[in-house]
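A.B. asks: Read top to bottom, the protein sequences are chains H and E. Going by our numbering, the first sequence opens with residue 58, and the numbers climb by one from there. Going by our numbering, the second sequence opens with residue 3, and the numbers climb by one from there.
Since the hints were made in silico from the structure, they are not lab data. Quick reminder that beta carbons are idealized off the backbone N, C-alpha and C, glycines included. Just so you know, not all the hints are guaranteed correct.
To be verified - Facing chain H, a subset of chain E residues (Cβ under 8 Å, in silico):
1) R199
2) G258
3) L259
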Amino acid sequence: MAIEINGAAADASPRPGQCLRTFLREQGNLGVKKGCDGGDCGACTVHVDGTPVHSCIYPAVRSEGHAVTTIEGLASTAGDGADLHPVQQQFMERQGFQCGFCTAGMVMTAATFDDEQKENLPRNLKGNLCRCTGYRAISDAVCGHAGHPDPKGQGSGIAGKGQPDPEPGQLGDDVPAPASRAVVTGAARYTLDVPADQLQGLLHLKLLRSPHAHARVLSINTDAALQVPGVVAVLTHRDAPEQLFSTAQHELFTDDPDDTRVLDDVVRFRGQRVAAVVAETVAAAEAGVRALEVEYGELPAVFSPQEALLPGAPLVHGDKEGATARISRPDRNVVAELHSELGDVAQGFAAADFIHEQTYRTQRVQHVALETHAAIAAVDGEGRLQVRTSSQVPFLVRRTLCRVFGLPEEQVHVVAGRVGGGFGGKQEVLTEDIVALAALKLGRPVQLELTRTEQFTATTTRHPFTIKLKAGASVNGKLTALELDVLTNTGAYGNHGPGVMFHGCGESLSVYNCDNKKVDAHAMYTNTVPAGAFRGYGLSQMIFAIESAMDELAAGIGMDPFEFRRRNMVREGDRMLSTQPEPEEDVHYGSYGLDQCLSLVRDALARGRERYRAAGLDELGPDWLTGEGTALSMIDTVPPRGHFAHSRLRLLPDGTYQADVGTAEFGNGTTTVHSQLAATALSTNATRVVVRQSDTDLIEHDTGAFGSAGTVVAGKATLAAAEELAVRIRAFAAGTHQTQASACVLDGDAVVIDGTPVALTELAQAAADAGVELAAEGRWGGTPRSVAFNVHGFRVAVNRGTGELKILQSVQAADAGVVVNPRQCRGQIEGGIAQAIGAALYEEVVIDDAGRVTTDILRQYHIPTFADVPRSEVYFADTNDKMGPLGAKSMSESPFNPVAPALANAIRNATGVRFAQLPIARDKIYLGLKEAGLVPNLEHLLS
Amino acid sequence: MDMNTIEAVVPTTDPAEWRDGDAWLAGGTVLFSYGSLAFGPQPLRRLLDLGNAGWTPVTASNDGIELAATCTVADLYKLPGSPAAAGRSWPALDLVRPCCDSFVASFKVWNMSTVGGNLCTSLPAGPIISLCAGLDGSATILGPGGTSRSVPVTDFVTGDAKNCLAPGELLRSVHLPASALASRVAFRRLSLSNLGRSGVLLIGRLDGGTRLVLTVTAATKRPVQLRFDGLPDAEVLAAAITAEIPNDLYHDDIHGLPVWRRDMTYRLAEEIRAELAAPEGAPGLRVSGDFWPPKDRGLYAQQEGA
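Turn these sequences into a full structure, and let the hints guide you.
C.D. replies: Encoded structure:
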């Protein structure tokens, strides 16, 4: 019996063990996404005979004789002839997505809801995970609520006098993402959404991964694997280039140690690649992997950074030479270290009336971007390596491939399609090198798609930090000394290890004026899954410790924590010092809104307190303890040591503009920002600027979308190009109409010349006839830099009998400078809050005594669902930055940073107990309260 | 995910057809979630498909309710208020929906996942195990050659992901006796996250209006049932828990520390005892947990303006 898909019979039958998801994709329905492949995330939701199911756990054979509807066919089921289903329309209007990878599943699920189901989204959407939005925009999209901004709402967005009035389609307007329609219809093309006819002869690659935490690969017998029907090749360390590199990607590769080979003869963590099998099908590649026979010589392993630092500890990279590999001390497992003292902390503590000492610990956290790492490599007819990958940094991927394989840059072309979430996890080369090796060897296109379990066990995580902190304050509220001993666990490879350690010890300290600061920090190798870049890049870990300590100091001297922060935080013009005696020479107060942010949060919490009182909810009964907490954070708007962008704009014959930029789009929204910045400079509407992006053939270079650089670096290049293009168009118009350029004004789709509009199409034609190209380029080098601020506040209730935590109020104030797109910027903040709530309360990559990641599926690694995330009030400071494009600042990493300490401070305020280790799960809260004698005994229940 | 080692899907309900490398396919939501390598040292080769078994999902009679192993969770969820339950005085059906809602899996998964699948997966947090154990359910197991045996659900699950099925045996159905269904019940649950996986799930039942039966699940590696002659006082209840549940029987995984699960077992047990000791619908009862009965609407309304 045939399977009907969107009204047409499928042209094939499924394989016996096939799930419906892959069958539908093979039938060309590429809108059906793989997020987890285990029934947890809902990105693959489709309807079978109108009933919503997760197609990744639906036996495809069961759909025989039934009608399947995917996102591609949803609109036609609405029966009104419209080309969008009402739910698709609402997701588009309310911008209920960021990266959009979960959107098809969200839409397919919500399209089945009746009014009663819409009333209970925490229950009915818990099977649809979104890692980007924080769910507020999704809620508004599903229910058709008015979106942001609600002018009467508590978090009303921007309204400052310093903010320019929004112009439609330009600066300050809530322009929707250009890809909106493609996202809600499932037409947006992510990494692997390449129609099969464009990839003739595609091979699939699967990896054998190490079962040992540390071992030498003694031999690999490939005979049986090569006998498996469909297996084309097996790649081992014998096939891999000798060149060592780092999977971490930075403008300067020298920022990271050269400690990694494409395939190595030593494996240093459980899950590391040992060999690759390339085959005609995924099934054959898997069978080939199972058929490999490998002999290992096990080596002693070390799992904790504390033990790794001990003399005589097993050495993870003892075979490396420190100077050439750029490893601080390979003989002690130290990748990088930092030792500094400003002032004299001993004197500072002597001057203190209260001293707080505590060891703070943060855990391994996974990005859980909904799209797993994936790449396709091919060699084209001209012998050029073509790579399509899920990356935040296509230009750096090209550099790394060239370095590893000894290829000239013009021989390598790297493209990122739409990327299904990044969060720093895709600032790495984790798939591209191995598919490139296979494609170069075999001359056929090769694809690698990581499973969700591979994401957990073999990609990167946030660096766990152990922070021994000692801080002192005088009774008059002065921070007298701050001493930090920091140990970070970078895992088996040093990718991002130095950068995360240094950055972590940067703005977290320099945001406070304190004469005496001492830091000793070590980034340590261990035989565990490598840590890497992750939203905030070390800051969130350090800010958790320092902001917790600020509350303890305030409590210790009996001062309101707001007041204590106010007295010690930097003010505009103060020297921002962390571990160097002089401030970073290119970091300036391009604007300063920290004081505003603190006030906005304090006032919002006060209003919240009053709301709860007015509603009679300030007392929740004897079991519940309530409290408030706040934390602040600062971030440099651009990463240090160079971040480059190049943009190219041109006027097209149809009178619209084409902007070629480097920035990849992974839900960061920078595509929208680029179009708005260009539209502003060109006095037109963003819809008339078509952005092409993340393709190494389009522009010269772009360091990439990390360190929150999409707006403030690449955006600045695009703005410069647009401003230059505006000058050129006006000059050309003046020339053709025998007038002054000053008499020519760009306006929408025309140039008004001496008061008469002349269509841009006409000018474009005239330019073409004259052999003039109306185009311009812009560049930006990422310096000088400014600072951005975020302050978060929570009101919580803690159940002292069970450890349950309720977030009653969540407030964040952000100093983002001039906000280019308030709705989108708010979305970035909401998403950062949600992700940080997950890291603060639930998420932990757990590694057992043998180095095995045990939390290897989403049911073991709980990321926030709709039910877990509060609606947050979001406020913007009224500032205008001198460095950023049109006054804007970065706002993508930083909303994450103050959330965990604000929660810990609120719990401390409610209970009196300091939780110094993340995550602060309910069981841990309960045990902490019990230890503090706060848990009522059972007799209490009898009352 | 694709189960790429599967060579055939064989429609059958006959245990005699089972051989090494086979797995019974009910809804498929567990098999396809973990993949063909997760169920033993050797990859699975065949799926024995119960999809065409034709077993009536729910059969109600004066004896009670027969749930077919292939009854979907979605069908089970519809049972209260359905014609099958109409006209019967079975207050214990109030447990059905909170148990279904205790799934960490979405309602969409319920359209495929089955009663039998949840029992046979035998996870501590399996909420259909909680329901069936809490109502003295009895499992009917088919063996090769037309044999059949019955096992109380409390004994069916023997540990974390362990049960009493021999290779090839097939769970046919679960019978919930009318006597249990006619009892007043109370339900409590806690999770580390809102609507998340159960860390502790307790069901209380007042048999004959007087005798407490307490079933502890999720907190423990397997279901533990405590039976009392009447309604014990708090001390007797706590002592019984101490006597029946040694510390090492509390489950230890990412969804809750054993010490927390232990303390919450005492707490929720006492909440249940207090609820069943009070007249039905009495106010002022302590109800820990996140979704039953629905609450907090007013509390979170304070965020609505955001």
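A.B. asks: Next, verify each hint and record whether it holds.
C.D. replies: Here's how the hints hold up against the structure:
no.: 1; hint: R199; verdict: 7 Å, holds
no.: 2; hint: G258; verdict: 5 Å, holds
no.: 3; hint: L259; verdict: 4 Å, holds
The structure fails none of the hints (numbered hints given earlier).
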